[in-house]
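Novice: Listed here are the chains, written in short residue letters.
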Amino acid sequence: MLNKKLALLIANTMKSLNLDKVDTDSFEFRFVVQKVSYVLQKVGCDLGLKFGWYSLGPYAKILQNYYNMVASVLNVEMYGGSGIEEELEGDLKICVEKAVTFLNDYKKYVGEINVESLEILASLMMLCTEIYPKPSSPVDELLKRKKNISQDLAVKTWKFLVDKNICTL
Amino acid sequence: MAVIESGVKNVVKRIYDEVHGYIELSEVELEIVNTSVFQRLRYIRQLATAWYVYPGATHTRFSHSIGAMHIAGLVSTKLYKYGYIYEPEDIQLLRLAALLHDIGHTPFSHAIEPFYRYKLGLNHEDISRVVIEESPEIREVLYRYGYDYKKIIAIHEGRYKEPLHNQLLSSDVDIDRMDYLIRDALHTGVSYGTIDLQRLIATLVVDGDGNIAILDKGIDAVDNFYLARMHMYKAVYYHKTLVGYELILRKIYELLHEYYADETLLFKTIQDIRKAVKNEDIVYWNDDWLIGFMMNVYRSANAPKELKELIEAFFKRRGYKVVIDISNFSNKPLNVEIDKDIENIQSISSIIRRIVEEHQMASFVDDIKILDEDPHVTPRVILAGRKSIPITDYNGSIVKYIPRRYHVRRLYVLSSKWNRVIEELKLRGFIS
Chain Z
1 MLNKKLALLI ANTMKSLNLD KVDTDSFEFR FVVQKVSYVL QKVGCDLGLK
51 FGWYSLGPYA KILQNYYNMV ASVLNVEMYG GSGIEEELEG DLKICVEKAV
101 TFLNDYKKYV GEINVESLEI LASLMMLCTE IYPKPSSPVD ELLKRKKNIS
151 QDLAVKTWKF LVDKNICTL
Chain C
1001 MAVIESGVKN VVKRIYDEVH GYIELSEVEL EIVNTSVFQR LRYIRQLATA
1051 WYVYPGATHT RFSHSIGAMH IAGLVSTKLY KYGYIYEPED IQLLRLAALL
1101 HDIGHTPFSH AIEPFYRYKL GLNHEDISRV VIEESPEIRE VLYRYGYDYK
1151 KIIAIHEGRY KEPLHNQLLS SDVDIDRMDY LIRDALHTGV SYGTIDLQRL
1201 IATLVVDGDG NIAILDKGID AVDNFYLARM HMYKAVYYHK TLVGYELILR
1251 KIYELLHEYY ADETLLFKTI QDIRKAVKNE DIVYWNDDWL IGFMMNVYRS
1301 ANAPKELKEL IEAFFKRRGY KVVIDISNFS NKPLNVEIDK DIENIQSISS
1351 IIRRIVEEHQ MASFVDDIKI LDEDPHVTPR VILAGRKSIP ITDYNGSIVK
1401 YIPRRYHVRR LYVLSSKWNR VIEELKLRGF IS
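Those sequence lines, one after another, are chains Z and C. Numbering follows this note's numbering, in which position 54 of the first sequence is assigned residue number 54; successive positions increment by one, without gaps. Each number in this note's numbering corresponds to the 1-based position in the second sequence with 1000 added.
Do not take every clue at face value.
As the list claims (entries may be wrong) - Among chain C residues calculated to face chain Z with C-beta under 7 angstroms, some are:
#1 Gly1146
#2 Lys1150
#3 Arg1159
#4 Lys1161
#5 Pro1163
#6 Gly1210
#7 Asn1331
#8 Pro1333
#9 Asp1374
#10 Pro1375
#11 His1376
#12 Gly1385
No wet-lab data here; the hints were simulated from the structure. Remember, predicted model here, so these are calculated numbers, not experimental data. Glycine included, each C-beta is placed from N, C-alpha and C at the ideal position.
Hey, can you work out the whole structure from these sequences and the hints?
Specialist: See below:
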């Protein structure tokens, strides 16, 4: 029913980026799981997840079934359980490494990774690669919908994605 | 621009619907309804084999699709009037998306759909996409009226540029559910499944961040919506006998695939489906085709014994009967790897396997979400006309307290073997 490997992939990526300190019962945790999974699928490997475009950005319904599993993997780790890295091998390990490298590059570029920057990053990636009809300016499209996000951060994120050849001008 | 309540500018037809009364159709909608691929939905029952338990549940995907279109019109017209939808043309777009949302459903709906999910990785939404992309009729009608079929597919897949449109078609309180809950409750007679649609629509708004929200004065209507859903899951969608008949039908379909590979409507690949849409063979891929095919197999002299036994059991209503049923509400996801009840069912299953043949038994385990608890799709409540909070955090709503999940763990055997199996399990002390 559930794919434990997927939970491990997500948990591993979150841990590598120090995103595992979020309260696992909170909405914020679920938000982070969604956005990290989206980035994993876009730059890491095909996880077979279907993401829709919602008011808070990319969202895959099936991930609701993984919140608890990801949380328990992270909680075991936090309380001194067995390391989760060893359980990932081969392609899966490479998948996480690619996503973590990408997100670390992003972190260097914009300063930090938090809920806001993850939302902007995942949303712009989706706007420029999957949304139909494709908006002429993904940044403007995002700013039009999200009045509270930083314009500077959105523009900076856009430049990062163009540099990485994920979005084109 | 003035828009009437149903959202239809030029009404060319009115269809009488048992749930909503007269439903108005525009020209483009009428032409879509008249295509042969849409007419196929007249022959697909909404609730698969539910009529084995609720004799009145013979309604079809055809009436549900038209009902969903009607609700899409009511909701989007209201949201347009209040300024949440900017373009009046989007009302027609949303109505068309709702009309076509189930165009790819398999025969016997959710009874057969899992077969394609496991075998080809396809669900009915994927097949809907193929039908819209490849059907010359659908494409031609949409093109002639100036509608981009890719927009409709994007809404179905949740990739449309307007998140609100995606939410209206697929979220916790969406148009699809609003229609099927009322329709299924009416036809099954499960009266606690009904909802207050008018109140729900009247209090539906969008908050400052673009999330679907409910005014606090409409909270009772939303509470009722969630409670109705919970009752329907338990009393109808996961009813033990009803699920037993879905399982036997799926098993029959699997065996037909195995033994009758030449049958063109038993699709093996997505290319087969694509081809059938192009040459219109898909029109006959419905409940009646499957029943007819089963009948022919049953009457043929050389049909495999186990297939004949299952078909006979299906037609004579002597299908799978539940032996063990451990179902309960929970707030946690079901972890099949460590669940003790599943472990017990597996032990019992290995004992039963010594008495009956493999096709004579079936197990069913599911973890059903009653409530989406997620910031992306959980509806919000607007408090005193200002701040919005997730309904799951609102003390004034019962939603905060209802169980999040319904765990189902069951073991079935064919009715003809049931007494023997029960006797054995009593002897071994598994049941009293």
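Novice: Are the hints correct? Go through all of them and say.
Specialist: Do the hints match the structure? See the list:
1. Gly1146: violated, 14 angstroms
2. Lys1150: Since the shortest Cβ distance to chain Z is 6 angstroms, the answer is holds.
3. Arg1159: Since chain Z brings a Cβ to about 5 angstroms from arginine 1159 (chain C), closer than 7 angstroms, the hint holds.
4. Lys1161: It holds, given that the least Cβ distance between lysine 1161 (chain C) and chain Z is near 5 angstroms, below 7 angstroms.
5. Pro1163: holds, 5 angstroms
6. Gly1210: Holds, about 4 angstroms.
7. Asn1331: violated, 10 angstroms
8. Pro1333: Because about 5 angstroms separates proline 1333 (chain C) from the closest Cβ in chain Z, which is inside the 7 angstroms limit, the hint holds.
9. Asp1374: holds, 6 angstroms
10. Pro1375: holds, 4 angstroms
11. His1376: Where the cut-off is 7 angstroms and the nearest Cβ of chain Z is about 4 angstroms from histidine 1376 (chain C), the hint holds.
12. Gly1385: Because about 19 angstroms separates glycine 1385 (chain C) from the closest Cβ in chain Z, which is outside the 7 angstroms limit, the hint is violated.
In the structure shown, a violation is registered for the earlier hints numbered 1, 7 and 12, in ascending order.
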